[in-house]
Structures are given as structure tokens and as C-alpha cells.
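Trainee: Top to bottom, those sequences are chains A and B.
So for the first sequence, the UniProt record's numbering puts the first residue at 1; every next one is plus one.
So for the second sequence, the UniProt record's numbering puts the first residue at 1; every next one is plus one.
In case anyone wonders, no lab produced these hints; they're calculated from the structure.
Check before you lean on any hint, since a few could be wrong.
Copies of the same chain look alike in the list, so a pair counts if it works inside one copy or between any two.
[What the hints assert, rightly or not] Within a straight-line C-alpha distance of at most 16 Å, the following computed EDC-like cross-link-like pairs (lysine to aspartate or glutamate) qualify:
id, residue 1, residue 2
1, K31, E192
2, K136, E75
3, K31, D59
4, K139, D34
5, K89, E150
6, K136, D175
7, K24, E150
8, K136, E183
9, K139, E44
10, K139, E76
11, K24, E75
12, K136, E176
13, K89, E44
14, K89, D59
15, K24, E192
16, K89, D61
17, K139, E176
Protein chains: 2
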Amino acid sequence: MLLFADAQYTSPYAMSVFVALTEKRIPFELKTVDLVAGANRGGEYAARSLTQRVPTLVDGDFTLSESSAITEYLEELQPEPALYPADLKTRALARQVQAWIRSDLLPIRQERSTYVVFYGPSDAPLSAGARDAAGKLFKAAQALLAHGGEHLFGAWSIADVDLALMLNRLVLNGDEVPPVLREFARRQWDRESVQAWVNLARPPM
Amino acid sequence: MLLFADAQYTSPYAMSVFVALTEKRIPFELKTVDLVAGANRGGEYAARSLTQRVPTLVDGDFTLSESSAITEYLEELQPEPALYPADLKTRALARQVQAWIRSDLLPIRQERSTYVVFYGPSDAPLSAGARDAAGKLFKAAQALLAHGGEHLFGAWSIADVDLALMLNRLVLNGDEVPPVLREFARRQWDRESVQAWVNLARPPM
Ligand SMILES: [Ca+2]
Ligand SMILES: [Ca+2]
Ligand SMILES: [Ca+2]
Ligand SMILES: [Ca+2]
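This is chain A alone, in the form it adopts within the complex:
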């Protein structure tokens, strides 16, 4: 398979698919597309990717964008090791986290872009809107982790990676984050498949 990511390896969604492929030990080649130069909006990439975004997975003559659609595809293609919980309701809760992380908390995503995570902190303080979003994030994450376990849903799932990345926008920037969430984010960050993404060679800023 072939996975397209952004040239700086900062896309949290490309990371999610990278981790999914790595966890499943599916061999893949990693290619990049230069979003900063707009290379995704034209030429071969735009012809291939319906949504002109990263990540895009190419599996033979099948091309698929949108990270959560890709991780669901990989799960159905090769169920083991699992990316999603086996239980119907628990799987629904993992999908809830994935969908939420991708469509809400915009002020955090804007003010703590993943450049903060992969290139270095920002010294701009959080706006009122971002502090409000952070409060909502902490409340939800604390509720999900109230069981005191290592992962969100018993065994590891792809939702752990997605939630940890959202938290790490704040943790790795030095913003205030409740200790139990800081520890969760660090634990998830230490995972081998995540470290393989973190340690990719990035071009200088």
C-alpha cells in the first residue's frame, strides 16, 4: 500500500493512519505531498484524492482519503490486530471520539496547531474560546478515563492515538493540563507505532 502524508509529517490524521498501518503490520510506502505549496489542490494528487486532503491511502487501484474512513477500511480488510473495540457499544464510543476530535475543538486546533507538537511550542496564550474548548476536552477525557485504566476502552484502540494527539497540542506546548490526562497522553505517545511517526525526519521550518 501507499500512504500520502503532508511534507512536514504534522497531520494528526496522517499520523492516525500511519499508526493504524504500523499496528496491523501492513507493509506500506510513505509519500508526501506539499500542502504548503498547494500541491494537493492540483495535478495528480487532486485527480486521485476526492477530498484533496491528506492522508490518502492507495491500495492497488483503490484510492481513499479521510483518515477515519481509511482506518475503518483497514480494520475490515484485516481485522487483527484490532484498531477498534470488539463490543458494539464500546466500538460506537471509540467512533464517537474519532468523529468528535475531527469536527470540534476548532480553537485548540487553530491556536495549538500540530507544528507545536512536532516542531516546537508557541508562546501565544490561549484565547478565551480555546480555554473554553480545553475545558470541554478535559471534562470529556476525564470522564472517559474515570475507570483508571491505561487506555480509553480496555485494550488499545485508534481512538487512544487521536485523543492523545489532541491533548498533546496542549501538553507539549506547556499549557496547563490535568495530571491524569498528561500521563495518558505521554503513555500513548510512548507507544512504538506512535514513536515511529514522531521520529520521522522532518524538513527544517
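Given the coordinates of chain A, assemble chain B with the ligands onto it according to the supplied hints.
Mentor: Frame of chain A, contents of chain B with the ligands only:
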């Protein structure tokens, strides 16, 4: 089951779940939460909904927010009639559309809110950013419908509703939309389950 929607019935995501329940003929009660008054951010609703958004589905003692997680849950709970295509790759493409509609095309979602769809048109012209997003939307929708069929993926799927709603932000506002996409959006709008949502009694603005 119990479905929470916004008090004006303008949430495209609540609509998507309403249509899913209706298509599957699962009996449900519809309740509203007043987003304008912030009723989702506190009290009983915030205690119930992890993400404090609509829609939220309550199934016995199980509570789930995020529309795409809910429609996947309903599909697994009661597979027939299907919301998603049966074929692995086609199902992935339907999920691609769902994920995309929920996380991209922000200028269209902002400048053509669903108040335009359910209450009446806006006379503000589209910004350059929204026109750019519309161009991207049209290109993708035309590619998906290049087969000339009635639905995106052979049989009807929940992705038809989601794409048609995004197109109808423009169509129903009188913005310029390619005829083949206008016709697709109108056809999907005429569907009985969609009309059941459209015809809900809305409070005056
Ligand atoms: Ca996605
Ligand atoms: Ca992680
Ligand atoms: Ca959703
Ligand atoms: Ca429709």
C-alpha cells in the same frame, strides 16, 4: 430510542440520524435541546452527552453523540435496511463522504448555514473562500455521480443525505450549482425520510 436534536431542527447531523432511524423503521422519540440558549453546555444534557453536541441518541442506558458514530451504531444494531453499501470498498467511499462533509468546506457551512435551508435564503454573496470550497464540492460530487445513477453508490446510502444537504445549502439559497448536482440534491430531498425531517414544525425565527 430517544433522539436529541436542536430546537430549530436545523442540525444536518441530527437530520442524518433522524433519517437513519426512519429508514430503519426503528421507533424513536424526538426531543430538542436549545443550543441558542446554551442548554447543551450544562445540566442534564452535558452530563449525558460526552461532546455536548446534537444529535445524541439514547438507547436504554447507552448514550451516544456524533452523528456518524450513531449511524454506524444503528447499522450494526440492525443491519437491514442498510444505511451503508455492502461492498468493502464502496462502504469505505461512503464513509469518506461522511467524514469529509463533517470536517471540510467550512466557508460553505458558515456562509450558508442550514438556517438557509430550513428558514430561508441569505442575500449575502459568497466570499472567495466559499466560492473556492463550492468549486471543490462540485468537482467531488460530479466525480462521484459521473456514473449517471440516482444515488452515489448504486443503492441509496446515508452518504446521499449528507452530500445532498451540503449541496442544498447552495441550491436552496439560489446560488449557482451545476444542473446534475441540483437534480441530485432535489431527488434526495424528495425522499420520504428526508421530507419527514423537512416538514417538522419549526419555531418562528
Ligand atoms: Ca477524517
Ligand atoms: Ca498516541
Ligand atoms: Ca459526526
Ligand atoms: Ca437527502
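Trainee: Where does the structure disagree with the numbered hints, that is, which hint numbers, in rising order?
Mentor: Of the numbered hints, 1, 2, 4, 5, 7, 8, 10 and 13 do not hold.
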